[in-house]
Amino acid sequence: MQSNATLEYDYSIVKLYMWTAVIFGIVGMTIGVLIASQLAFPSLNYLLGEYGTFSRLRPLHTNVVIYGFTVSGIFATFYYVGQRVLKVSLAESKFLQALTKLQFGLYLIAATGLVISLGMGITASKEYAQMEWPLDALIVVIWVIWGIVMFGLIGLRREKTLYISMWYYIATFLGVAMLYLFNNAEVPTIFFSGGLGAWYHSVSMYAGTNDALVQWWWGHNAVAFVFTVPIIAMIYYYLPKESGQAVYSYKLSLLSFWGLMFIYLWAGSHHLLWSTVPDWMQTMGSVFSVVLILPSWGSAINMLLTMKGEWNQLTENPLIKFMVLASTFYMLSTLEGPIQAVKSVNAIAHFTDWIPGHVHDGVLGWVAFMIMSGIMHMSPRVFKREIYSKSLLESQFWIQTIGVVLYFTSMWIAGITQGMMWRAVDEYGNLVYSFIDTVSVLHPYYTIRAVGGLLYLTGVFMFAFNVFKTATAGRRLEQEPRYRSPMA
Amino acid sequence: MFHWLEKNPFFFAVGVFVVIAYAGVIEILPNFAEKARPVKGLKPYTVLQLAGKEVYKKDNCIACHSQLIRPFKSETDRYGHYSLSGEYAYDRPFLWGSKRTGPDLHRVGNYRTPDWHANHMWNPKSVVPDSIMPAYKHQFTNVADLETAYAEAVTVKKVFGTPYGPDIAPGKAAYEKELKTKILPEALKIAKRMKRDDLVKMVEAGKVPEVVALVAYLEKLK
Ligand code: HEM
Ligand code: HEM
Numbered sequence: 001m002q003s004n005a006t007l008e009y010d011y012s013i014v015k016l017y018m019w020t021a022v023i024f025g026i027v028g029m030t031i032g033v034l035i036a037s038q039l040a041f042p043s044l045n046y047l048l049g050e051y052g053t054f055s056r057l058r059p060l061h062t063n064v065v066i067y068g069f070t071v072s073g074i075f076a077t078f079y080y081v082g083q084r085v086l087k088v089s090l091a092e093s094k095f096l097q098a099l100t101k102l103q104f105g106l107y108l109i110a111a112t113g114l115v116i117s118l119g120m121g122i123t124a125s126k127e128y129a130q131m132e133w134p135l136d137a138l139i140v141v142i143w144v145i146w147g148i149v150m151f152g153l154i155g156l157r158r159e160k161t162l163y164i165s166m167w168y169y170i171a172t173f174l175g176v177a178m179l180y181l182f183n184n185a186e187v188p189t190i191f192f193s194g195g196l197g198a199w200y201h202s203v204s205m206y207a208g209t210n211d212a213l214v215q216w217w218w219g220h221n222a223v224a225f226v227f228t229v230p231i232i233a234m235i236y237y238y239l240p241k242e243s244g245q246a247v248y249s250y251k252l253s254l255l256s257f258w259g260l261m262f263i264y265l266w267a268g269s270h271h272l273l274w275s276t277v278p279d280w281m282q283t284m285g286s287v288f289s290v291v292l293i294l295p296s297w298g299s300a301i302n303m304l305l306t307m308k309g310e311w312n313q314l315t316e317n318p319l320i321k322f323m324v325l326a327s328t329f330y331m332l333s334t335l336e337g338p339i340q341a342v343k344s345v346n347a348i349a350h351f352t353d354w355i356p357g358h359v360h361d362g363v364l365g366w367v368a369f370m371i372m373s374g375i376m377h378m379s380p381r382v383f384k385r386e387i388y389s390k391s392l393l394e395s396q397f398w399i400q401t402i403g404v405v406l407y408f409t410s411m412w413i414a415g416i417t418q419g420m421m422w423r424a425v426d427e428y429g430n431l432v433y434s435f436i437d438t439v440s441v442l443h444p445y446y447t448i449r450a451v452g453g454l455l456y457l458t459g460v461f462m463f464a465f466n467v468f469k470t471a472t473a474g475r476r477l478e479q480e481p482r483y484r485s486p487m488a
Numbered sequence: 001m002f003h004w005l006e007k008n009p010f011f012f013a014v015g016v017f018v019v020i021a022y023a024g025v026i027e028i029l030p031n032f033a034e035k036a037r038p039v040k041g042l043k044p045y046t047v048l049q050l051a052g053k054e055v056y057k058k059d060n061c062i063a064c065h066s067q068l069i070r071p072f073k074s075e076t077d078r079y080g081h082y083s084l085s086g087e088y089a090y091d092r093p094f095l096w097g098s099k100r101t102g103p104d105l106h107r108v109g110n111y112r113t114p115d116w117h118a119n120h121m122w123n124p125k126s127v128v129p130d131s132i133m134p135a136y137k138h139q140f141t142n143v144a145d146l147e148t149a150y151a152e153a154v155t156v157k158k159v160f161g162t163p164y165g166p167d168i169a170p171g172k173a174a175y176e177k178e179l180k181t182k183i184l185p186e187a188l189k190i191a192k193r194m195k196r197d198d199l200v201k202m203v204e205a206g207k208v209p210e211v212v213a214l215v216a217y218l219e220k221l222k
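Going down the list, the protein sequences come from chains X and D.
Sequential numbering of the first sequence, starting at 1, is according to this note's numbering.
Sequential numbering of the second sequence, starting at 1, is according to this note's numbering.
Hints are not guaranteed to be accurate.
Claimed, not checked - Here are some chain D residues the structure puts well away from chain X; computed CB gaps all over 12 Å: (1) R37; (2) K40; (3) Y56; (4) K57; (5) R92; (6) P103; (7) D115; (8) P129; (9) Q139; (10) K157; (11) G165; (12) K189; (13) E204.
To be verified - Computed list of lysine to aspartate or glutamate pairs in EDC-like fashion (alpha-carbon distance at most 16 Å, straight line): (14) K125/D to E127/X; (15) K57/D to E6/D; (16) K73/D to E427/X; (17) K384/X to E316/X; (18) K180/D to D198/D; (19) K57/D to E316/X; (20) K137/D to D167/D; (21) K158/D to E186/X; (22) K73/D to D426/X.
These are calculated hints, taken from the structure and not from any lab test.
All C-beta atoms, glycine included, are put in the ideal place defined by N, C-alpha and C.
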């Protein structure tokens, strides 16, 4: 990574997506704290009438944090990292530049449509694919535009070898495209019924068990290509950049990349263990899930070893703290996931709170930490100002870390407690607990989770304030910082 | 090793695509060759039940309830026979869920009654004092979208060959006829079993409350 002093990069689109990431982060996680509190204190279900129940808000939470916060983060970092590692500025092609603006406009429309339709209860009801067909079509257009810009930039590039991050962005583009098209295949009812009923309504192309298979082939790989692959793209750029260290091993990067690509897609059926899906597929899902530890830890260890000999930076630079902890949380959730994918463990874990526990040590500790550190690293460079407050960043780190730990430890205990109670039998083989017993027992854990979530959300507000102040009131920088981000 | 690939984005992308598509070809496609076969005697959902399924989707019961009984004694003791693939043959989309904040519902029609549901949807704590489920009072006044449910029945019949009779046909006239002869009478029966006069009155006036459709759907889950 040489200095980029000669080229003037165009960051206008980067800034737009940075702001949407911040805003959707706040909205999505505020809803997260609300639904977490509703499980502990059900009377909170009635704040917004029909629109405020846990069940209506839950998909709003998942969709806003995934398609709002995370996808904004992916686009923001791609437009920044892409220009820099390919050594080409968006300003060099008016066409590509215009496309990015068009994409942003469509993205805002899709996001608004998503929030309104889910709020009204218009949903295809498949997890992480709730949008009805008109929005699905819009998403396809947005994605295609992204592909054109990505390969357009690649076509214009000055640096011939694609940097590691680019591999992962290309894979994100292709993986989501393929899976999204298959999973959202649906038949709009208005065209076949002689114009009856709601125009946006559709039925799935697949039925029952087949539908489940396609859905979790997608669902699992939404995790792969939204929560993992592009996030690895980020850490491969920002950690070496921020620390001034070269990536530890290029060979290990190659091995983990191709390993991850090959193995990930097989593992989807671990969401359907003990279901009516054919047994051999379930076993394949289990086995490949366990093998998945190798490429996952490969990337994570590669990142940690990148810090070799420079561990003192961990105490000096809060951004390094965020990123090192992120790769550690990545290791945690990619160890936990395969454990849950073992059939005998899944028999207890599935359907319980251990699953949201697993989800959130990944998304809070890994995904959101990386997106926030990426944005923080970019801020001084795109706004040409010093980061507003180092101590704020430092406190954010500790508050959020405590938040994540409270979240996943309470859910581990809750999940395993519940899983064991569901199956507990007395000496004659009769069930010991009625279902409601297994709900009441969770109250303390739900409360702890809500507190953890609130701490994390507090950190998000501190982060948003810090970015905002950096953009408007940070000390101006003469020169672009080379490695470590300057902070006051 | 692969240094050539990293300089040739086109072949790189093709390589990635092949590697990720491979698993789908081997693992997912074979099951599609074998079309979902209904278990013997399985009837497609009536239009009223389809409308109820839409309410189930709209208020997103799937956030907390599964419809998949796994083959363990602890589950079959609690919920009934374990689920069979053929029972889902008409489920588009499938509604298995991934989280049991509340109990499984795949056979709830076996052990709850319409009037129990009426009390429960109005105020869960009245029948299960410790329940953390929200009350869904708006379902008692919102009117179910029967026309869209009918459109769905027509679509699955035409596109996927779901075995509905000749009465399920495109167009407004066919819908109006079905509404009068089948849907409303079926709804009235359910409403009466729910033992609430306001619901019966609404159905008699030709408007089916969401909760009546929902209960028709829950009754079908056996
Ligand atoms: C303040 C932070 C957050 C809180 C308090 C929170 C809370 C929650 C709660 C209460 C649920 C429902 C769990 C259940 O049904 O039992 C949930 C689900 C979920 N959340 Fe969050 N969340 C937060 C942040 C995030 C972030 C940042 C992401 C992703 C980037 C995320 C992704 C998800 C996903 C994917 C699910 C569905 C999990 C599943 O189906 O098992 N959450 N969250
Ligand atoms: C080696 C890597 C991983 C494996 C093998 C794995 C495995 C699993 C398993 C077995 C489940 C539970 C399925 C169930 O019983 O319902 C699950 C759920 C989930 N995991 Fe992972 N996991 C891995 C990494 C991750 C990471 C890094 C993230 C996010 C950052 C993540 C996000 C999720 C989500 C969102 C779900 C919930 C799906 C739902 O029910 O809605 N996983 N994973």
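Do the hints match the structure? See the list:
1. R37: Violated: least Cβ distance 10 Å, not greater than 12 Å.
2. K40: Its Cβ never comes within 12 Å of chain X, the nearest being 16 Å, so this holds.
3. Y56: violated (8 Å)
4. K57: Incorrect as stated: the minimum Cβ-Cβ distance to chain X is 4 Å, not above 12 Å.
5. R92: violated (4 Å)
6. P103: violated (5 Å)
7. D115: Non-interface label stands for D115/D: nearest chain X Cβ at 20 Å, farther than 12 Å.
8. P129: Label violated. Min Cβ-Cβ 8 Å, cutoff 12 Å.
9. Q139: Check fails; 9 Å does not lie beyond 12 Å.
10. K157: violated (9 Å)
11. G165: Non-interface label stands for G165/D: nearest chain X Cβ at 16 Å, farther than 12 Å.
12. K189: holds (24 Å)
13. E204: Holds, since 23 Å exceeds 12 Å.
14. K125/D to E127/X: This hinted pair is violated, its Cα atoms lying about 28 Å apart.
15. K57/D to E6/D: violated (46 Å)
16. K73/D to E427/X: Given pair K73/D, E427/X holds - Cα atoms ~15 Å apart, limit 16 Å.
17. K384/X to E316/X: violated (22 Å)
18. K180/D to D198/D: violated (20 Å)
19. K57/D to E316/X: With a Cα-Cα distance of about 50 Å, the restraint between K57/D and E316/X is violated, given a limit of 16 Å.
20. K137/D to D167/D: violated (34 Å)
21. K158/D to E186/X: Judged against 16 Å, a Cα distance of about 14 Å means the pair holds.
22. K73/D to D426/X: holds (13 Å)
Checked against the numbered hints above, the structure violates hints 1, 3, 4, 5, 6, 8, 9, 10, 14, 15, 17, 18, 19 and 20; every other hint is satisfied.
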